[in-house]
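Asker: Below, each chain spelled out in residue letters.
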Amino acid sequence: MKDANPKLKFHDMRVGLEYEAKLVENLTRTQIVQYASGSGDFNPIHHDETFATKLAGYPSVFAHGMLTMGLTGKLLTDWLGDGVLRKFSVRFVKQVFPGDSLMAKGIVRELKDDGENGLVEIDLVTTNQRGEPVVTGSATAALPR
Amino acid sequence: MSDGYRFCVDRTGILLFSSALGETNPIYWDEEYAKKTPLGGVIAPPTFAVSSAHWDPNYALRGVRKIPAPPPKPAAAASAPVGQGGGGAGSGGGLNLTRILHGEQRFEYHKPVRPGMMLTVTNRAGKSWTKEGKKGGTMRFSESISEYRDEKGELMVTATSVGIVTEKAVQS
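Protein sequences, first through last, are from chains A and C.
Sequential numbering of the first sequence, starting at 1, is according to the numbering used here.
Sequential numbering of the second sequence, starting at 1, is according to the numbering used here.
In case anyone wonders, no lab produced these hints; they're calculated from the structure.
A few of these clues could be false.
[What the hints assert, rightly or not] Quick look at which bits of chain A chain C covers, simulated, 3 or more residues with Cβ under 8 angstroms:
(1) 9-15
(2) 23-35
(3) 38-46
(4) 56-70
(5) 108-121
[Claimed, not checked] With a straight-line cut-off of 25 angstroms between C-alpha atoms, the simulated DSS-like cross-links for lysine-lysine are:
(6) C/35 x A/2
(7) A/9 x C/35
(8) A/87 x A/7
Backbone N, C-alpha and C fix where the C-beta goes; we use that ideal spot for every residue, glycine too.
Using the sequences and the accompanying hints, generate a full structural model.
Answerer: Structure, rendered in C-alpha cells:
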C-alpha cells in the first residue's frame, strides 16, 4: 500500500468487531494549555478560568473539542495503523473538563470493496468516566487485502 | 475574499501537536523509525491540519501573536469569506467567544501531510442553518470548508468545521 503503514489487513476485519482504548486519565489543565499551543486555538474559554466561569458561565475551563478528536484519532491509528484513514468525522456532544477520563470505542459497521483495497467503515464513540458520550463519529480506513 | 494562506509544515510543529495529544507513536517524530516503514518518513497525525490556525491571518483565536502570515502563493485560487479561519472552532473576527462552540469536525484524507510541505490553505463557507436548542436557545450553525494543497496543487486534506453560535452559554 502506498503512503500507508497498516497494522491489519482487510480480511482481519469483520462487521461488529470492536476496539476499545483508554485515551486519557484525569485530563490536566496543562494538557489543555499544551493543546492550545500546539493547535494555535487560544480561545480563553479553554485556559482562562475567570473568563470560562464568570463571563461564559461554565463550571470551569474545558478542553478543545479538537483535543478530544485528536485523542480519539489515536484509537484509530493505534488499532489500524498510520496513513490508512480516508475519512474521520466527529460530532462534539458534551464538554470535557479537567479531571475527566476518556475511553473510546470503535465498531466496524461495514466492509466495502474499493479495487486494490478494502474500505472499513467504523462507528466511534468517546465517553467520559460517567459513561456519557462526549464525542460520537465515524471513520473510513483503507486496508490492503 | 482570500486566495488562501501558506502553511509551513515542519517536524517541530508536528512534534508539538503530537505531544499535546500525549502521542507515543514514533511515526510523528522519529525519522529513523519512519524511514523503515512503507511511509518512508515522518507524517502528521490525522487532526494536525487544524494547526494551520497558526498561519491563518484571519484566525481570531491566535492569542497575542501579531506576526502577519506570509502572502498566499499566486497559484492558489479559491474564494473564502473574510473572517473564516482554517479548522478551529468559530474562527472569525468580532465573535463573542463566550457563545461559540465547535459542533462538528470532518476530515477527508487524500495523501499524508509530511514535514517540508508548504501547503496552501483555502477556505470557503459551506451550508448554514439554525436550530432551537434546549439549553443554548437558538443555535446558528455554519460550515467552514478548508482545502490543503501541496506545491503542485495536489489536494492533501479537506477539513470541514461546523461552528455554532448560541444565544446563551451551554453548560454541561
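Asker: A separate judgement is required for each hint: does it hold in the structure or not?
Answerer: Going through the hints against the structure:
no.	hint	in the structure
1	9-15	violated (count 0)
2	23-35	holds (count 4)
3	38-46	holds (count 8)
4	56-70	holds (count 11)
5	108-121	violated (count 0)
6	C/35 x A/2	holds (14 angstroms)
7	A/9 x C/35	holds (21 angstroms)
8	A/87 x A/7	holds (17 angstroms)
When each numbered hint is compared with the structure, violations occur for hints 1, 5.
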